[in-house]
Amino acid sequence: MKQIEKFFEQFLWNSRLVVIAAVIASLIGGLSMFLIATIDAYELVVHVAEYAFGGVSGEDRVMMRAETVAHIVELIDGYLLGTVMLIFSLGLYELFISKIDIAENTERGSKVLIIHSLDDLKSRLGKVVLMILIVRFFERAMVLPFETPLEGLYMGASIAFIGLALYLSHAGDSSSGH
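Numbering (our numbering), first residue to last: 22 to 199.
Source of the hints: derived by calculation from the structure; they are not laboratory data. A portion of the hints provided could be inaccurate.
[Claimed, not checked] Here are the in silico distance ranges between beta carbons for each label pair:
#, residue 1, residue 2, range
1, Ala-73, Leu-185, 34 to 42 Å
2, Ile-180, Glu-88, 20 to 28 Å
3, Ala-43, Gly-173, 38 to 46 Å
4, Asp-140, Phe-28, 31 to 39 Å
5, Leu-185, Val-90, 21 to 29 Å
6, Phe-182, Lys-27, 48 to 56 Å
7, Lys-143, Thr-59, 27 to 35 Å
8, Ala-46, Lys-143, 14 to 22 Å
9, Ile-180, Ala-46, 29 to 37 Å
10, Arg-37, Gly-75, 50 to 58 Å
11, Ala-42, Ala-70, 41 to 49 Å
12, Leu-171, Phe-117, 44 to 52 Å
13, Val-40, Val-77, 49 to 57 Å
Just so you know, even glycine gets a beta-carbon here, dropped at the ideal spot from N, CA and C.
All chains, please: the whole structure from these sequences, using the hints.
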């Protein structure tokens, strides 16, 4: 009976290695987002060059400026999403497979990428997701037409709630010792 228990526990412990699939898929997803955002950054440079040197004027210039700002917000969004996937990949690996020795032993290693618990991973991911939501809100808010004063008040309240969310996410850091 002891032999069966030992075999089962070894099988159960080794089953954690199935997480490798999620680690690899998350890493590929994150790297893909970085590649897409970098390609978009190149397109942004082309767009800015057209804006600056293309002889665009008047209403077209205003439209191009708005498109450029929206493009920059999309870049931030893409890089943040890539970062989420990278943090998720590293966190899963550290929690289920093995500690990343080089990250812990390197002076220049980023402590933000060292994950100690599932709550730690959730907290770090939550903060990046919050930043993505803020960027998305900013992107949408830039093109909203305000037709009534109440809509302006709603925008102000939304900004206040975003500020509160940021405050609470950082207040949680200082109370938990991170």
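Gly-75 and Arg-37 - C-beta distance against the hinted 50 to 58 Å: holds (56 Å)
Consistency of beta-carbon spacing, Leu-185 to Ala-73, with hint 34 to 42 Å: Hint holds: Cβ distance 39 Å, inside 34 to 42 Å.
C-beta pair Ala-46, Lys-143: status relative to the range 14 to 22 Å that was hinted: For Lys-143 against Ala-46, whose Cβ atoms are near 19 Å apart, the range 14 to 22 Å holds.
Thr-59 and Lys-143 - C-beta distance against the hinted 27 to 35 Å: holds (28 Å)
Assessment of proposed distance window 49 to 57 Å (beta carbons of Val-40, Val-77): Because 51 Å falls inside the window, the suggested range holds.
Distance restraint hint 21 to 29 Å, applied to the beta-carbon atoms of Leu-185 and Val-90: holds (25 Å)
Whether the CB-CB distance between Phe-182 and Lys-27 falls inside 48 to 56 Å: About 54 Å separates the Cβ atoms of Phe-182 and Lys-27, which means 48 to 56 Å holds.
31 to 39 Å as the expected CB spacing between Phe-28 and Asp-140, which holds or is violated: Holds, at about 32 Å.
Ala-70 and Ala-42 - C-beta distance against the hinted 41 to 49 Å: Once the Cβ atoms are compared, 43 Å apart, the range 41 to 49 Å for Ala-70 and Ala-42 holds.
Distance restraint hint 20 to 28 Å, applied to the beta-carbon atoms of Ile-180 and Glu-88: Since Ile-180 and Glu-88 have Cβ atoms about 23 Å apart, the given range 20 to 28 Å holds.
Leu-171 versus Phe-117 beta-carbon gap, inside 44 to 52 Å or not: At roughly 50 Å between Cβ atoms, Phe-117 and Leu-171 fall inside 44 to 52 Å, so the hint holds.
Hint check for Gly-173 and Ala-43 - Cβ pair distance inside 38 to 46 Å: holds (44 Å)
The structure agrees with every numbered hint stated previously.
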